[in-house]
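Chains as they are written, first to last, in the working numbering: chain A, 22 to 325; chain B, 125 to 439; chain C, 619 to 1029; chain D, 1403 to 1760.
Keep in mind the hints are simulated off the structure, nothing from the lab.
These numbers come from a predicted model, not from an experiment.
There may be inaccurate statements among the hints.
Cut-off 30 Å, straight-line C-alpha distance, at most; resulting in silico cross-link-like pairs (DSS-like, lysine-lysine) [unchecked claim]: (1) K1739/D - K1673/D; (2) K1627/D - K1587/D; (3) K296/B - K789/C; (4) K791/C - K296/B; (5) K296/B - K748/C; (6) K343/B - K312/A; (7) K748/C - K934/C; (8) K837/C - K296/B.
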Amino acid sequence: MSTNALPLSQPIVDGPRGAKPKRITPARIGVYAFLVLSALFFLLPLWVMIVTSLKGMPEIRLGHLFNWPAELTFDPWIKAWDTACTGRDCNGLKPGFWNSVKITLLSVPVSIVVAMINGYALSFWRYKGSELLFAVLIFGAFVPYQVVIYPLIIGLREVGLFATLPGIVVVHTIFGMPILTLLYRNFFASLPAELFKAGRVDGAGFWGIFFRIMLPMSVPITIVAVILQTTGIWNDFLFGTVFAGRENMPMTVQLNNIVTTTTGIREYNVNMAATILTAAVPLVVYFVSGKWFVRGIAAGAVKG
Amino acid sequence: MSQVAQGGGAAAVPASSAFPVRRRRKFNYQSVLGTLPMIITAIGVFVICIIFSVIWSFTNSKVFPNFNFVGLAQYQRLWTTDRWLISVQNVVIFGALSMVFGMVFGYLLAVFMDQRIKQEDLFRSIFLYPFAMSLVVTGLVWQWMFDPNLGIQAAVRQIGWTSFSLAPLVNKETALYGVVLGGLWNGVGVTMAIMLAGLRGVDAEIWKAAKVDGIPTWKTYLFIVLPMMRGAIATAFILQLTGVVRVFDIVIAMTQGGPGISTQVPAIYVIQHITDRANVGQGMAAATMMLLPVLLLIVVQGLLQWNAKRKQGRA
Amino acid sequence: MKSLLSAVALTAAALMSSTAVHAADVEVIHWWTSGGEQAAVSVFAREFDASGDKWVDTAIAGGENARSATLQRILGGDPPGAAQFNPGRQYEELIAGGQLLDLTALAEKEGWEKLIRPASISSACLVDGKWWCVPVNIHSWNWAWASTAAFKKAGVELPTSFDDFLAKAPKLKEAGIIPFAIGGESWQINGAFGVLQTSLLGLEKREKILKDKDLELAKAEMPAVFTKWREFKQWSDEGAANRNWNDTTNLVVTDQAGMQIMGDWARGEFGVAGKQPGVDYACLALPVDAPTVSTGGDIFLFPKQSDPAVEEAQLKLASQMISPRVQALFNNAKGSMPVRDDVDMSLADDCMKKGLEIIKNPANIAEDAGRWLSNDTTGQMNDLVAQFWSDDTMTVDAAVAKYVEILQNAD
Amino acid sequence: MASSVSIRDLSLNFGNVKVLQHLDLEVEQGEFIVLLGPSGCGKSTLLNCIAGLLDVSDGQIHITGKNVTWAEPSERGIGMVFQSYALYPQMTVEKNLSFGLRVARMPKDEIDKRVARASEILQIQPLLQRKPVELSGGQRQRVAIGRALVRDVEVYLFDEPLSNLDAKLRSDLRVEIKRLHQRLKNTMIYVTHDQIEAMTLADRIAIMKNGIIQQLDDPHTIYNKPVNLFVAGFIGSPSMNFINGTLDGSNFTVPGYGVIPLSGYQFVAQKNGSTVLGIRPEHIALGEDARKLPVQIETEIEIVEPMGSDTIAWTKIGGQALTFRAAAEVALAPGQKVLIGFEPARGSVFESESGNRI
């Protein structure tokens, strides 16, 4: 190729022509520097948790918080999952895991469906007082959970749901309601009202429009709701101890039993492994569906 | 289509047709039925609970609630208790700092994420994942990171920088800031996601207009786009505010309110009093005080909205 | 491997117990989740299961969490069969509300009132002539734990008094040792403060202040306690603010710290680490010149049940818990003192034996302040002492004034 | 002819705001009525009331002889087409069309028949299996019309159906709607703010302002005999010239110009005093044509706007602006002196104060 002989810098024509060259500008470097530094800040604790959970206790005592384990061990993970003691039982986190799965699988759909209907009704089928109810609900989002525990215990006792699986589902539905209803109300309010009118002209009623028109349209926001609820319910400790009943104690109760007590040296490696194991389900949910999370929020939650 | 009209015609005219109502407000019984869980929750749980909380705050309830009224004694004690005063001060500082920094950092991250960067998915996941951790776990991890003998400080000193100091939790002047940092780590990702969604929702023509007008990118973000994101900001604001008012777990996990009582917050005060300290009356008085500003906020917001609607209606 | 074996053993035991005819299940809520505690609670469980009934274990870490759960379960109409509490006034309302099983008949039959010593232990359960709970052990706060190696490294002898310790602290510090180990939780700070108070004032004045609420005496005597307490603070380390009690004890176990003031449950930490009393560490009953024992500990309540079979099982459990055999097994495992004297504690280490000697003389008994003060009042004192500890700008006068105010308003 | 839609004494209030006030409207069977007016005049609100999507505060609505004031939208025998199409995004075109029929549990073969017919009429057969996002704006609006068609009802309601389309599509679809009306001969009520749509489509136009129908007439009458200043100004482009002056008998005096005799104008009422003379730009003739007309004015051209098909020229009469429409071929230039003229009989005279035609 004869062009090789030409110095590259030699202009072929006068002035710029063709595609503008993509240059690495200082601004671009700045963008990435900021993002990478931020990412480090967010990743650091996770890194520490992971490496610590793979170290033996003697190595942990040496410090070197951030170092990769000199001697890799998976024992803490096995112990956390299978044999760590949570009271008299030494079965690790395992039994609680399945309880948490049970509670989450039941509570997430129920709480979301209820909130969805609320948001739908508040957007399209307002009735006298519905706005006031909504205001009360939003107010409820600020009430410290513990304040309502006593009345709630009495209420659930009266209907025979205290310390049962349906009981804990009801409790999660109640406390998920304010934010989820807000989410769905904003979403439905952002849909064109004509769609609703068209449905009514077509003869669909409250439930017809809900199930056949609105429900299929609310997939994006429902992903957001599922993510928020799964995280919230999976991580719940307070309601689990009070309302789930002994047979249904969630994983977080066992995590608490493992993490907050030990004789002698705290087994940081087991604690860390247990912590990661407990957080695993919501973590997976986030990593898998993070993309849809932003899209779902964009689909309605941000429209004032 | 006459058959449809006839088919439902009779049923459609409700019983109220018996008298010649000219002004009729349709009662959507299905809507009421559908929102029955909300009605029960709003009235049965929140309204009743709040009413009882307020009532019990005027009693000397101990382990269990009772109705021996003692007037304002609980409030008197509350507002002369150092710990409560510090708690109130702390929640204000904590709230202001975490909301301001949360919003600023969240918006910055969103703006930087919006630069058509490579690996957007990866960065987003990294910023979001802490939210999947419970606040208790967040607190535990950061407590450990800040442990002067085990955490970051020790690690940095080990590599030679022996005067390095980063252990905010052990000092009563700085402990609260350590908690704020832990909270930010947990929650900024969600603010970022909301802000990013808001950014993506801004009309592309705004950008073109700004570019043609020669407005620098940062100015466009700050002065043009940001004010357009009212919805996103409001959503992030409410989400953060509910966290701030109820802040509890993370403080317990990180400092247990210490050193001393320097990082106490109102929610811990309430909870301790209605449980282990067995003074439900005192706890409820504190809870009532906690709800007051929120109630005020909602009433003001409601009035503003009502007023705006009325004005709009007139025009 | 070991865990596998134990799992097999457990399964086998479970199978066997399920084939045995058991009369009733009794659910027990407790907060004994750590290694040593768990071994101790297993004594109760094994004994109970062996008798044909079934111990259903609900462990909830943290006394506050566990006690709250019990109260909430009672309120929710789903009370546990038995629940751990600390002696105090928290269950007064349960008694008044008729929510607890009356153990009087059993107690009279077995003569608990005569067996249990000291009297202040039985008074926690014996209210107006009726028995409402079973005390299972005695824990004394009034101990200090010192590392022999640490003091040796600093080139000084073990301390003989608080002033002596404060005099030797600079030497320890020079040797790179944390002189005074303490954790940041407010109950640790207030507990150690209480020991200091007992030691400086003596039992009589302490009782006058805390039980009789003698405000004038408090005004006169408390400044000295607060002043001394501030002296201790300067010999603690900066990590103190954020440490739970067993991590703190571990500093003494590993000779990184000189001394810790902590209840006798700390002994277990030394034991687990294989340390010998008198050789590796010293246990000082406080005050050193006139040692006392405080009567903290654990009790079990038996909330009322609807099923008579369960009630019968509850009574059986209560009877077992206080029987000499179980008392011996349990307290040896737990590292606490039994509530009765006729118990074989020959396996106990020197420190416990020391305590068992002291407890014999009623004059040495420092009654647990929790018997006199409500949790509310104790909590307020915790807050005050923790605040004073962390805030050097708070004057002694201000602290004393607050202290007196809390006493004055105590219910 | 039988009355198809009959609105009697209809009022609607939102709180204190009166959106519709004591409104009466009789629509005959097969008639194409256009509700025309500026935004906020209540025309869409009225349509929503007819559809049953808004609950009225007072009055009655009858459709095909039945009182449907309180009936559900689907029971009123109406079909409706919306501005934003309002197609159900998750359903195919076919499902969109058949949704209402399926809700009404109609037999499947009947549904198929109706969908086939509607899609044949609108020529959307190839689109039946597509989702709305895969359609262009024009196609979407056809589907939206089709959704109304399958209902096979007496009355079709259109709520600004063409407003979201570009100019070319809009005129195409306009013709199509006209053709549809001619073919189906159903009653159609059509809301728009576009006067060309109104003029071209309507049998009668109802011009609305502030919740009140100002004039209800055929397009010709609306154009030539507007009942008040509002209607006169709203219809026509460029809009009607309004010349302020005083009337004495049939002599109209324009200050700064002189007297214009209004001979030949048919007064509906005789009122002297402050008056407005309205004359459409296209009714003003130029040059030789003007010499034949009763009123002739000498004036000077100020601005010339060539439109292609014709030219709009701006001039003045006694200091008041006056525009006229001239043929495109006529050469006009600013500053040019011209003679213009008109016939008073083609003008309109309004009382200044009330704005009503006299």
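These are the hints, each one checked on the structure:
For the hint pairing K1739/D with K1673/D, the CA-to-CA distance comes to about 35 Å; that exceeds 30 Å, so the pair is violated. A C-alpha spacing of about 28 Å is found between K1627/D and K1587/D, which places the hinted pair at or below 30 Å, so the restraint holds. Distance restraint check for K296/B and K789/C: the Cα-Cα separation of roughly 27 Å lies within the 30 Å cut-off, and the hinted pair is therefore satisfied. Proximity of K791/C to K296/B is assessed by CA-CA distance (about 23 Å); at most 30 Å being required, the pair is judged to hold.
Of the pairs offered as hints, the one joining K296/B and K748/C is violated, with about 47 Å between alpha carbons and a cut-off of 30 Å exceeded. For the given pair, K343/B sits about 28 Å from K312/A by alpha-carbon distance, which is consistent with the 30 Å threshold. For a cut-off of 30 Å, the pair hint linking K748/C to K934/C stands: about 18 Å separates their Cα positions. With a C-alpha separation of about 28 Å, the suggested pair K837/C and K296/B falls inside the 30 Å cut-off, and the hint holds.
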